[in-house]
Amino acid sequence: GQQVQQSPASLVLQEGENAELQCNFSTSLNSMQWFYQRPGGSLVSLFYNPSGTKHSGRLTSTTVIKERRSSLHISSSQTTDSGTYLCALDHNYAQGLTFGLGTRVSVFP
Amino acid sequence: ETAVFQTPNYHVTQVGNEVSFNCKQTLGHDTMYWYKQDSKKLLKIMFSYNNKQLIVNETVPRRFSPQSSDKAHLNLRIKSVEPEDSAVYLCASSLGAGTGQLYFGEGSKLTVL
Numbered sequence: 016g017q018q019v020q021q022s023p024a025s026l027v028l029q030e031g032e033n034a035e036l037q038c039n040f041s042t043s044l045n046s047m048q049w050f051y052q053r054p055g056g057s058l059v060s061l062f063y064n065p066s067g068t069k070h071s072g073r074l075t076s077t078t079v080i081k082e083r084r085s086s087l088h089i090s091s092s093q094t095t096d097s098g099t100y101l102c103a104l105d106h107n108y109a110q111g112l113t114f115g116l117g118t119r120v121s122v123f124p
Numbered sequence: 005e006t007a008v009f010q011t012p013n014y015h016v017t018q019v020g021n022e023v024s025f026n027c028k029q030t031l032g033h034d035t036m037y038w039y040k041q042d043s044k045k046l047l048k049i050m051f052s053y054n055n056k057q058l059i060v061n062e063t064v065p066r067r068f069s070p071q072s073s074d075k076a077h078l079n080l081r082i083k084s085v086e087p088e089d090s091a092v093y094l095c096a097s098s099l100g101a102g103t104g105q106l107y108f109g110e111g112s113k114l115t116v117l
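From first to last, the protein sequence lines stand for chains Y and B. Every position in the first sequence, counted from 1, becomes a number in our numbering once 15 is added. Every position in the second sequence, counted from 1, becomes a number in our numbering once 4 is added.
Note that these hints are calculated values from the structure, not bench results. Just so we're clear, the structure is a prediction, and the values are computed from it rather than from any experiment. Virtual Cβ for every residue (Gly too), placed ideally from N, Cα, C. Hints are supplied without guarantee of correctness; some may be wrong.
To be verified - Short, incomplete list of chain B residues facing chain Y, as computed with Cβ under 8 angstroms:
hint	residue
1	V16
2	V19
3	Y37
4	S52
5	V92
6	Y107
7	V116
Given these sequences and hints, build the entire structure.
Okay, structure coming up:
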């Protein structure tokens, strides 16, 4: 089965609302990364977060290795946050990153 | 700011043709990768290349081959494309021998008619 499960699959927000995206994984890991993919394809690295909590502007990533989960919190969402958020885990160098299917976020004014 | 450059960004071709995608990174990273994103948007590793060591995902068909002239370049060649090769191909790089934090290019969308 899928080693990386993301939820929800999609999310609709009104501008200003907060959101919490979840990522659960079934294997041990070396690190967890979050990416943002714009409509159109390019990926932007948001967080490289092996464990603990990291902040970047309105985004917060928290990884709890023991519980095999990571979350991405978006505060005060803006229309420019619309896109797909992907989490990926690194558990084996030879296999590269294993990606989830992503959470598609749509923010409306 | 983009530091991993891919060309071309789009390519349409017919079954059986040869296709090459180029990738260059200006980050001074040691490891480069090719990923494939299929129609369901799932990203899967195809190759990683570090210090002349190539690691291949065993599920990748033999018609795919990576080509590298130096650590800043990793091109992807497809010898004879098939319809199922239609996808977005993403190049990435990272510092060091492990995966570390990855930086991706804009992607190269391949359509096979």
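Going through the hints against the structure:
Because the beta carbon of V16/B sits about 16 angstroms from the nearest beta carbon in chain Y, more than 8 angstroms, this interface hint is broken. Among the interface hints, the one on V19/B is violated; its C-beta lies about 23 angstroms from the nearest C-beta in chain Y, farther than the 8 angstroms criterion. Proximity of Y37/B to chain Y holds as hinted, the smallest CB-CB distance being about 6 angstroms (cut-off 8 angstroms). Because the smallest distance between the Cβ of S52/B and any Cβ of chain Y comes to about 6 angstroms, under 8 angstroms, the interface hint for this residue holds.
Hint on V92/B holds. Least Cβ distance to chain Y is approximately 5 angstroms, under the 8 angstroms limit. Residue-level restraint check for Y107/B holds (minimum Cβ-Cβ distance to chain Y is 6 angstroms; threshold 8 angstroms). Contact between V116/B and chain Y, as hinted, is not supported at the beta carbon level, the nearest pair being about 17 angstroms apart and thus beyond 8 angstroms.
When held up to the earlier numbered hints, the structure conflicts with 1, 2 and 7 and fits the remainder.
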